[in-house]
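> Sequence:
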Amino acid sequence: MRFAKEMAFYSAYHQEKRNVLIHVLGVPTITFTLFVVLSRFSLFEYNGFHVSASLVFTLAVLGYYYTLDVIFAFVATLVFGGLFVTSEWITAQLPATTAWTIFGLGQVIGWGAQFYGHFIFEKSRPALFDNLFQALVSAPLFVVADVFFELGYRLDLKAAVDNELKAKGVWKDFSHKAA
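Just so we're aligned: the sequence shown equals residues 11 to 189 in the numbering used here.
The reader is advised that the hints may include incorrect statements.
Straight-line C-alpha distance at most 25 angstroms; calculated DSS-like pairs for lysine-lysine [unchecked claim]:
hint : residue 1 : residue 2
1    : Lys27     : Lys176
2    : Lys182    : Lys133
3    : Lys15     : Lys133
Because the hints were derived from the structure by calculation, they are not lab data.
With the sequences and hints as input, model every part of the structure.
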């Protein structure tokens, strides 16, 4: 199962619940602020519609998600589609300095919180040091999966991810720590 194998890499770095929760908040923040800055760059116009770098990036990433898992990709489309539309609105309505300020603050807060979660709760370095693609492109989809798992959905897939972690010898037991 391709999704379980891909998510196992990410999950090896994200097993402690507080760190996962930080990522559930931090990853969309980083993604949204990246959309805001990419929306500033119009690549071309098609029938009066400006095609931004944000649109191209969003479509490419969502297309990749659909090759991994249709259900998670659909939810990611709704969530990140909303973030994309909001970022495009911000670009159209607000001055460039506001967009860059939103980007800067969101990146510092999002990344800072995640580094904190890794070093304080997970006791390991972030995945981005070992695989930048997974950390930047795949993370939003895996955060969607983490929410599903925490809510008790698709537990067969969670078990497959856990089995991959155990097979690779990277599964950690945080059950003795705070929830």
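> Let me make sure I understand: some of the numbered hints might not hold for this structure. Which ones are they, in numerical order?
none
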